[in-house]
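Construct all of the structure, not just a fragment, from the sequences and the given hints.
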Amino acid sequence: QKEVEQDPGPLSVPEGAIVSLNCTYSNSAFQYFMWYRQYSRKGPELLMYTYSSGNKEDGRFTAQVDKSSKYISLFIRDSQPSDSATYLCAMSQGGKLIFGQGTELSVKP
Amino acid sequence: DTGVSQNPRHKITKRGQNVTFRCDPISEHNRLYWYRQTLGQGPEFLTYFQNEAQLEKSRLLSDRFSAERPKGSFSTLEIQRTEQGDSAMYLCASSLGEGRSSGNTIYFGEGSWLTVV
Numbered sequence: 001q002k003e004v005e006q007d008p009g010p011l012s013v014p015e016g017a018i019v020s021l022n023c024t025y026s027n028s029a030f031q032y033f034m035w036y037r038q039y040s041r042k043g044p045e046l047l048m049y050t051y052s053s054g055n056k057e058d059g060r061f062t063a064q065v066d067k068s069s070k071y072i073s074l075f076i077r078d079s080q081p082s083d084s085a086t087y088l089c090a091m092s093q094g095g096k097l098i099f100g101q102g103t104e105l106s107v108k109p
Numbered sequence: 001d002t003g004v005s006q007n008p009r010h011k012i013t014k015r016g017q018n019v020t021f022r023c024d025p026i027s028e029h030n031r032l033y034w035y036r037q038t039l040g041q042g043p044e045f046l047t048y049f050q051n052e053a054q055l056e057k058s059r060l061l062s063d064r065f066s067a068e069r070p071k072g073s074f075s076t077l078e079i080q081r082t083e084q085g086d087s088a089m090y091l092c093a094s095s096l097g098e099g100r101s102s103g104n105t106i107y108f109g110e111g112s113w114l115t116v117v
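Each protein sequence line maps, in turn, to chains A and B. The first sequence begins at 1 in this note's numbering and counts up by one. The second sequence begins at 1 in this note's numbering and counts up by one.
Fair warning: there could be bad hints in the mix.
Okay, derived cross-link-like pairs now, SDA-like style, lysine to any residue, Cα gap no bigger than 25 angstroms in a straight line [stated by the list, open to error]:
1. B/Lys57 <-> A/Glu45
2. A/Lys108 <-> A/Leu46
3. A/Lys42 <-> B/Glu44
4. A/Lys2 <-> B/Gln41
5. B/Lys14 <-> A/Arg41
6. A/Lys70 <-> A/Gly54
7. A/Lys42 <-> B/Ser58
8. A/Lys70 <-> B/Glu44
9. A/Lys42 <-> A/Asp7
10. A/Lys70 <-> A/Thr24
11. B/Lys57 <-> B/His29
12. A/Lys42 <-> B/Gln84
13. B/Lys57 <-> A/Ser28
14. A/Lys42 <-> B/Thr2
15. A/Lys56 <-> A/Ser73
16. A/Lys42 <-> B/Glu78
17. A/Lys2 <-> B/Asp86
18. B/Lys57 <-> A/Leu46
19. A/Lys2 <-> B/Leu96
20. A/Lys42 <-> B/Val19
21. A/Lys42 <-> B/Glu28
22. B/Lys57 <-> B/Leu96
23. A/Lys42 <-> B/Phe65
24. B/Lys57 <-> A/Glu3
25. B/Lys11 <-> B/Gly85
What the hints contain is simulated information worked out from the structure, not anything from laboratory work.
Following this line, the structure appears as structure tokens:
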């Protein structure tokens, strides 16, 4: 079993939809949780960062962490075609990042 | 552009040849990481440096792989006797400090694509 599990999708939604992306993890020592966005053939770029349990909002994006369930989520409101990308969850361990498999999202106009 | 810079962006090589990738981190970032990513997978950690010291190597980093960071500035990743299974995107990243807090974000480069034929 991988330390971080993420549904690879692909996920296709119409423009304006609310998107929910999720990851589960097994290591209870993880405390820092991140979401990266990766466009095709590009490097990952940091979207959201959360420490421990709770919610964090940034514009159309909301990150949630539930440490008791070892479950993290990223919500995208009013999704746009420009949101089409692969979304990677990542967790920090000893200063390095452990990534999920990535979920490929397509937002159709 | 003051981001993480990687060269070359693409490399096609024959099996058995050696290849070297270079990474220039963001100025003053003391941590430098190498990751490998194959299609449909998330990046996998290979190794990282704190200044010039290589602090951790993944089991994925076989004896054919070597990374250096002379003088704590740029870094090179060399793959000797390449195999088809080495085909992947090699990502370099850097951070100021341990990369655990919001002030120490880990920034990634655009990656170097390797195709072994």
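With a cut-off of 25 angstroms on the C-alpha distance, tell me whether A/Lys42 and B/Phe65 pass. Satisfied, since the Cα-Cα distance of roughly 23 angstroms is no more than 25 angstroms.
For the pair supplied as a hint, A/Lys108 and A/Leu46, confirm whether the alpha-carbon distance does not exceed 25 angstroms. This hinted pair holds, its Cα atoms lying about 23 angstroms apart.
Would the pair A/Lys70 and A/Gly54 pass a check requiring their Cα atoms to be no farther apart than 25 angstroms? Distance of about 12 angstroms is within 25 angstroms: holds.
Checking one constraint from the list: CA of A/Lys42 to CA of B/Glu28, max 25 angstroms. Satisfied? Holds, at roughly 23 angstroms.
Quick one, are A/Lys42 and A/Asp7 close enough, alpha carbons at most 25 angstroms? Since the Cα atoms of A/Lys42 and A/Asp7 sit roughly 21 angstroms apart, the hinted pair holds (cutoff 25 angstroms).
For the pair we were handed, A/Lys42 and B/Glu78, check the Cα-Cα distance against 25 angstroms. Within the cut-off at roughly 21 angstroms; holds.
Quickly compare the C-alpha distance for B/Lys14 and A/Arg41 to 25 angstroms and report which way the hint goes. 22 angstroms, holds
A/Lys2 and B/Asp86: Cα distance at most 25 angstroms? 21 angstroms, holds
Under the criterion that the straight-line Cα-Cα distance not exceed 25 angstroms, is the pair A/Lys42, B/Gln84 satisfied? The given pair, whose Cα atoms are some 22 angstroms apart, holds under the 25 angstroms limit.
Assess, step by step, whether the Cα of B/Lys57 is no farther than 25 angstroms from the Cα of A/Leu46, and give holds or violated. With Cα atoms ~24 angstroms apart, B/Lys57 and A/Leu46 stay inside 25 angstroms; holds.
Can you confirm whether the C-alpha distance between B/Lys57 and B/His29 stays at or below 25 angstroms? 19 angstroms, holds
Starting from B/Lys57, check that the Cα of A/Ser28 is at most 25 angstroms away, please. This hinted pair holds, its Cα atoms lying about 23 angstroms apart.
Violation of the numbered hints given earlier is confined to hint 19; every other hint is satisfied by the structure.
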